[in-house]
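What follows is the residue order along each chain.
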Amino acid sequence: AQKVTQAQTEISVVEKEDVTLDCVYETRDTTYYLFWYKQPPSGELVFLIRRNSFDEQNEISGRYSWNFQKSTSSFNFTITASQVVDSAVYFCALSEAGSNYKLTFGKGTLLTVNP
Amino acid sequence: GAVVSQHPSRVICKSGTSVKIECRSLDFQATTMFWYRQFPKQSLMLMATSNEGSKATYEQGVEKDKFLINHASLTLSTLTVTSAHPEDSSFYICSAPTSGGITGELFFGEGSRLTVL
Chain Z
1 AQKVTQAQTE ISVVEKEDVT LDCVYETRDT TYYLFWYKQP PSGELVFLIR
51 RNSFDEQNEI SGRYSWNFQK STSSFNFTIT ASQVVDSAVY FCALSEAGSN
101 YKLTFGKGTL LTVNP
Chain W
1 GAVVSQHPSR VICKSGTSVK IECRSLDFQA TTMFWYRQFP KQSLMLMATS
51 NEGSKATYEQ GVEKDKFLIN HASLTLSTLT VTSAHPEDSS FYICSAPTSG
101 GITGELFFGE GSRLTVL
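Protein chains in written order, with my numbering: chain Z, 1 to 115; chain W, 1 to 117.
Simulated from the structure, these hints should not be mistaken for lab results.
In silico DSBU-like links for lysine-lysine, alpha-carbon gap of 30 Å or less: (1) 41(W) / 38(Z); (2) 20(W) / 55(W); (3) 66(W) / 107(Z); (4) 38(Z) / 16(Z); (5) 14(W) / 41(W); (6) 3(Z) / 64(W); (7) 3(Z) / 107(Z); (8) 66(W) / 3(Z); (9) 14(W) / 66(W); (10) 107(Z) / 38(Z); (11) 16(Z) / 41(W); (12) 66(W) / 55(W); (13) 107(Z) / 20(W); (14) 41(W) / 107(Z); (15) 3(Z) / 41(W); (16) 107(Z) / 16(Z); (17) 107(Z) / 64(W); (18) 3(Z) / 55(W); (19) 55(W) / 107(Z); (20) 41(W) / 66(W); (21) 41(W) / 64(W); (22) 20(W) / 38(Z); (23) 14(W) / 64(W).
Using the sequences plus the hints, can you model the full thing?
The structure is reproduced here in C-alpha cells:
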C-alpha cells in the first residue's frame, strides 16, 4: 500500500524567511507520480508540481523549488523569501502508475507566514 | 486549459434530506473521476472512483448506499449524499484525469462545502 507522510503539521515563519516542507512517501511501484498542492482557506486545490519517478531532477519555479530524492523516498518543497500570500495548507500526494492519477494525500502542512 | 467544475460550491441542508453534487469536465472527456472528502483541518480522503457507464468503486469504509455516484456521461459525475446527517458535513472535491498514462493531466474541481443542520 502507498503512504505519504508530512511530519510537519504546522510551520510558522516570518516573511522573507525560507521554509522547507517535508514529504516522505512509500510505494512498491517503480513508476509513480508525486504532486504538491496548495490549499488556501477558500478550499480549492492549487496545483504546484507533478514529478514522475523517472525524473529526479530538482525543479525551480520562481520562489518555489523541489528536491526529489529517490534514495530517501522524499520530495521536499522549499519556498524562498516567503510571503504572507504563501500562507496555506500544502499537500504532498502520490499516485501509482496505471491508477489514472488516483491520489493518496499526506496529512498536509499548515504554513503561516507572518508579516 | 482543461477545467473541472463542481456545483454547488456551498450547500446547506436539513438533516434527513438528500443533496446532489455535480462534477463536470468542461472541455475534455473523463471516463474516470474521483471523489474525495475532507473534514475540517484534515487531509483529503478518497471516497470512490467514478467510472463512466459502470458502477463506482468505493473505498473501504465508505457506504455506497449513502453516497450514490452516477457517471452517466463522459463529462459528468454526480455524488448524492442520501439522508444527510450532521456528520456528513464536509468538503467534497472531485478530480478528473484527461487521459491515462504519463501524458495525462489531472484537474480538480473547486470543491463543494456541505453543511447539514
